[in-house]
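**Student:** Here are the chains, one letter per residue:
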Amino acid sequence: MDIFFDILSYIVNNFILGLTIVIFSSYLILALISAIALRNYLRKNSFVDYNNIILAPVTPSISVIAPAYNEEKSIVDNIRALLALYYNNFEVTVVNDGSTDNTFKTVIEAFDMERVNYFFDYRIPCERIRGVYKSRNRSFKKLTFIDKVNGGKADALNAGINISKNQLICSIDVDSIMEPDALLKLVKPFMEEGDKKVIGTGGVIRIANSCQIENGQIKRIHLPEKFLPRVQVLEYTRAFLMARMAWGKLNGLLLISGALGMFDKETVVKCGGYSTSTVGEDMELVVRMRRYMAEQKQKYEVIYIPDPLVWTEVPSTLKVLGRQRNRWTRGTMETLFKHKVLFMNPKYGIFGMLGYTYWLLFEWLAPVIEFLGLIYFTLLVIFDEPNWYFFLLLFVFVYTFAVSLSTWALLFEELTYHKYEKRRDVLKLFITALIEPIFYHPLTVYWAVRGNIDYMRGVRSWGKMDRVGFQRSKGKI
Amino acid sequence: MNKRFIQLRFILNIVLITFISLIANLPVYPASEKESAELVLQRERDYEKRIIWGERFFSLHLDALALKQFERANKIKPGAYFPQYRIKQVTLRLNQSQNRFVSEFIFDFNKPGFLITALILVIVFSITSMVIALATALINRNNMMRAEKRKQYLLEEYQTMLVNYLFATEINQEFISKIKKISNNKFNRRILIDQMIDLSITLTGEEKEKLKNLYLLLGLDKDSYKRAMSRKWHIKAKGFRELAFMNIPSANKEIRRCLTSRNDILRMEAQFATIRLYPDNSFEFLEQLKKRYTLWEQLNVYETITFHQLNLPDFDHLLKSTNDSIVMFSLRMIRIFQLRNTFNTMLELLSHKSAEIRNQAIHVMGALKINDCLPQLKRIYKTETYENCLEIIKAIASINDESMLGFLKLVLDKEDDVQLQIEAAMAINKLGIKGSDTLNKLLTSDYKNYQIIVKHVLDKRIN
Amino acid sequence: MKILICEDDTMTLKALEHKLKKEGYEIISAKDGKSACDILSEQNDIDLLLTDLHMPVLSGLELISFLRGKLQSNMPIVMLTRVGLEETVLQAFELGADDYITKPFNPDELAIRIKRLLLKNKSSL
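Heads up: the sequence lines are chains A, B and C, in that order. Residue numbers are given in the numbering used here: position 427 of the first sequence equals residue 427, and the series is strictly consecutive. Residue numbers are given in the numbering used here: position 384 of the second sequence equals residue 384, and the series is strictly consecutive. Residue numbers are given in the numbering used here: position 22 of the third sequence equals residue 22, and the series is strictly consecutive.
Simulated from the structure, these hints should not be mistaken for lab results. Keep in mind that the hints are not guaranteed to be accurate.
[What the hints assert, rightly or not] Each pair of labels, with its calculated beta carbon distance range: (1) C:K120 with B:N341: 39 to 47 Å; (2) A:F391 with B:G79: 51 to 59 Å; (3) C:F93 with B:L347: 35 to 43 Å; (4) B:D437 with C:Q72: 40 to 48 Å; (5) B:Q451 with C:K70: 19 to 27 Å; (6) B:L410 with C:K120: 55 to 63 Å; (7) A:L427 with C:F93: 37 to 45 Å; (8) B:E206 with C:Q72: 55 to 63 Å; (9) A:Q296 with B:L259: 32 to 40 Å; (10) C:K70 with B:K353: 54 to 62 Å; (11) B:E44 with A:F4: 43 to 51 Å; (12) B:Q451 with A:E295: 35 to 43 Å.
[What the hints assert, rightly or not] Once the Cα atoms are required to be at most 30 Å apart in a straight line, the calculated BS3-like pairs of lysine-lysine come out as: (13) A:K141 with C:K31; (14) A:K142 with C:K70; (15) A:K165 with A:K299; (16) A:K44 with B:K212; (17) A:K142 with A:K270; (18) C:K2 with B:K208; (19) A:K44 with B:K455.
[What the hints assert, rightly or not] If you want the ones that stay clear, here's a sample from chain C, every Cβ over 12 Å from chain A, calculated: (20) I28; (21) I39; (22) L48; (23) L58; (24) L61; (25) S65; (26) V78; (27) R82; (28) F93; (29) G96; (30) I101; (31) A111.
Quick caveat: nothing in here was measured; it's all calculated off a predicted structure. Beta carbons are placed, not taken as given, at the ideal position from N, Cα and C, and that holds for glycine.
Whole structure, please, built from the sequences with the hints as guidance.
**Tutor:** Written out as structure tokens, the structure is:
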């Protein structure tokens, strides 16, 4: 027994240490790539006059698809905000996914809509569409309203894609707040398309908690007052400015958040649209599209824009946040296991070799391994005398590294978009970064582990019957 | 509050386990006399096991593991010679192997000398970089605010001065010296240049000339030239832009050179500058372009052409380019500028090998309402791709010629695709009375899905 | 004679203000459509509106429809627009704009157009 334990400890020690080194050095490398890519992007962007796009006679047409489920309170404001986006060639399609409240009636009345004889094909299978509505008022010409049988967010998006006649589709959460120029920024990479076909673009999601919101638009930006949303500000900044940016640069991006993303419609349709059998339909779609393009042997790109394009309310209680993270974990696992073939497969280029592996290792396995490490450590304490000095050192190392990474993310934000006005906010965020590894991080590990357990137990998705609605189901960052 | 506790139970559990384990590690009471004989035997067995395993690891060169076994054996029988001998040997081997088997030595917990140094180094590095990052963030905040203030002040000053200058009847020497005095450093001059360009965008005629004169008078063209010659691309491109706006040819050589640059932005700015600065053969670069000419570049060139009201290149000639993206660009421009005289060349494009180009050609002929292409469109319909068929129907709808009624009805009858049917019905609808008669007749027909299609087409709210 | 200028670019706004002041008009300026709306509904002694068509917050088109629709005013409206926006200009004329001028513009031409419109408006009263 003792010998077995010795060998185990030998392997585990080496494995954990090796993994730590791999993880931390890849964080450093990603941060470095991001920094370079960010600088280049900002420099290039200083030459761009986005007004040119609005004025141009040749712009791609876009359908903005916003699924809505039980949103009667805010939907009118949100639709108005969508209609006011800057772009010259777009329409807004709001899909009522069988709401059980007054969403349908509210929209019909507010925009003076009536049923039209709209004829379309179910090119992507989706639940039955009960009717397509248009406004009698010409000034809402851009708005289309679809009423359909409940089928979940992915299903609602598919219905919107079936109705759309435009070249590009832009999927959004109806309750998140778009920057007025979001469409312009998302469409630009499609216009810049060179030898590689651009199949999708995504941007940065920012946190709207505590911000002053008027008529569906951000009036004033504030740092969230509560601890939980504030810690998520750090999390999002790190994820978007440090990791996602680098993956975009490497063309290995696996995820365009469901809160806002733009896709080439034909490619989406050819791939079969959003999957209704997963809770992480946003990630699954991007992975499937990439797989499809690679298997068709076409050169393609998924492009990431570091500009903040959409603001969204994040969970501010442990319960809701825990549920969200649990779902993200399950969504990630579903996608990763569904597309096992990508793992270390040179056929899929950087996306398969690095992108997929990174997600497997960091997004799925890292929390699990961390948890196992913790268990191992406790066992070590029980059965053997651990090297306390060494473990203390290891802990300090992990802690300082995490805090310093967050601080660098803060600096990135400061040097690029500096959305928070006050100098105090920087300090507040720094203090949050000091606390995060101790209080917040263990929780995320716990939630991820719970997600794993739920996945093993077969809680695959919401299913159609027990769906709670997706108003809180913000896309994964 | 309660629920939060449930959430945190996990952590509490961990703390508890740690605590219990600490207790479990406390020394156990010594065994009684009776048991001691058995204990000695047990010890002997333990000792042998250690030695056996230690030897195994030793032969496998898993020195760290072997060391542990021998150390335990040494603990059991402190006086024994063999374990101590092996410990010495293994330690020696570990020390020697430091250079040869880096991996073994890094990952070895029992010999963590180097590892600990490395960890400490990383910790120190993390802390210093953290402090640097935080300080930079705060200092940058300060600088930004100060620069912003300074900029606001300068903007106010310069704007007033420029406007005064523009609409004054005579040039005031005092004014010149004043503006020169403010513009004594690079930062200020850059803001002035930006403002002048901003102003020159909105003005024409006499005032614009006046502005250019001021630009030259203040020697700002030298600044722009310097920037155009810079080694950094983003500064260079800005320089090109300024020179192009002010129409100063001093850096033309450099601009020409950058027409083939690999940097997208630099190449684009060089293109715009060329268009602006060489009014005669400004579009020559299009003929030499090997790369794909992106929609974004096309759009910006269009913008430059319309803005400065420049001469159009010979699109008829460019339609024959071997670079497909240039052909696309020409087609787009032909549509926007309504250049009907390129008709014959366009007709040839209907048999181009790229489907995308054929599609665009069909679209352009539709948009320009060229009746003469109808027979050709009808002829290629059968062999075209789905997307192009759709475009053909749309073009026919746009050209709107009654003679096509029969063809459209045929499409409606023969095709099963919804989109094609809708477009065909829409085209029929546009054909005036004859068309709407046809549709009304179809509305009563039970054949296929005519009723829904016609209803869709006639619904004015949809389209 | 009072003119309201609505234009989001400060440099252009300054140039316009200066030019028209020199011509002897009284100038009020607004930086976006929303504040122009507020000014228009508060003050009723404005004789002419000069507005850019592309502005943040509230576009020129919306401003025009607000003026003609909600305020029922028939004061002359001159639009400023960039080249290549003929469609928007047509829309604006439909909504009740009187004249337009494209950027880049010749300040003298602008002054003459405004003068003419004001004269015409006066004689029709």
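**Student:** Would you say the C-beta atoms of B:L410 and C:K120 sit inside 55 to 63 Å of each other?
**Tutor:** For B:L410 and C:K120 the Cβ distance comes to about 56 Å; the hint holds.
**Student:** Note whether the CB distance of B:Q451 and A:E295 lies within 35 to 43 Å or breaks it.
**Tutor:** 41 Å, holds
**Student:** Any Cβ of chain A at or closer than 12 Å to C:L61, or is the non-interface label fine?
**Tutor:** 10 Å, violated
**Student:** CA of A:K44 to CA of B:K212, is that 30 Å or under?
**Tutor:** 27 Å, holds
**Student:** Verify that the Cβ of C:V78 lies farther than 12 Å from every Cβ atom of chain A, and report whether the claim holds or is violated.
**Tutor:** 20 Å, holds
**Student:** May I ask you to check that C:I39 keeps its beta-carbon over 12 Å from the closest beta-carbon of chain A?
**Tutor:** Per Cβ check, C:I39 is outside 12 Å of chain A; nearest 20 Å; holds.
**Student:** Taking the Cβ atom of B:E44 and the Cβ atom of A:F4, is their distance within the range 43 to 51 Å?
**Tutor:** Given a distance of about 21 Å, which is not inside 43 to 51 Å, the answer is violated.
**Student:** Taking 30 Å as the top limit, are the C-alpha atoms of A:K142 and C:K70 close enough?
**Tutor:** 23 Å, holds
**Student:** Was C:L58 rightly flagged as not at the interface, with every chain A Cβ beyond 12 Å?
**Tutor:** 9 Å, violated
**Student:** In this structure, is the beta-carbon distance linking A:L427 and C:F93 contained in 37 to 45 Å?
**Tutor:** Distance hint for A:L427, C:F93 is violated at roughly 55 Å.
**Student:** Within a Cα-Cα threshold of 30 Å, do A:K44 and B:K455 meet the stated pairing?
**Tutor:** 49 Å, violated
**Student:** Using the beta carbons of A:F391 and B:G79, state whether their distance is inside 51 to 59 Å or not.
**Tutor:** 33 Å, violated
Violated hints, in rising order: 2, 5, 7, 8, 11, 19, 23, 24, 25 and 27; the structure is consistent with all others.
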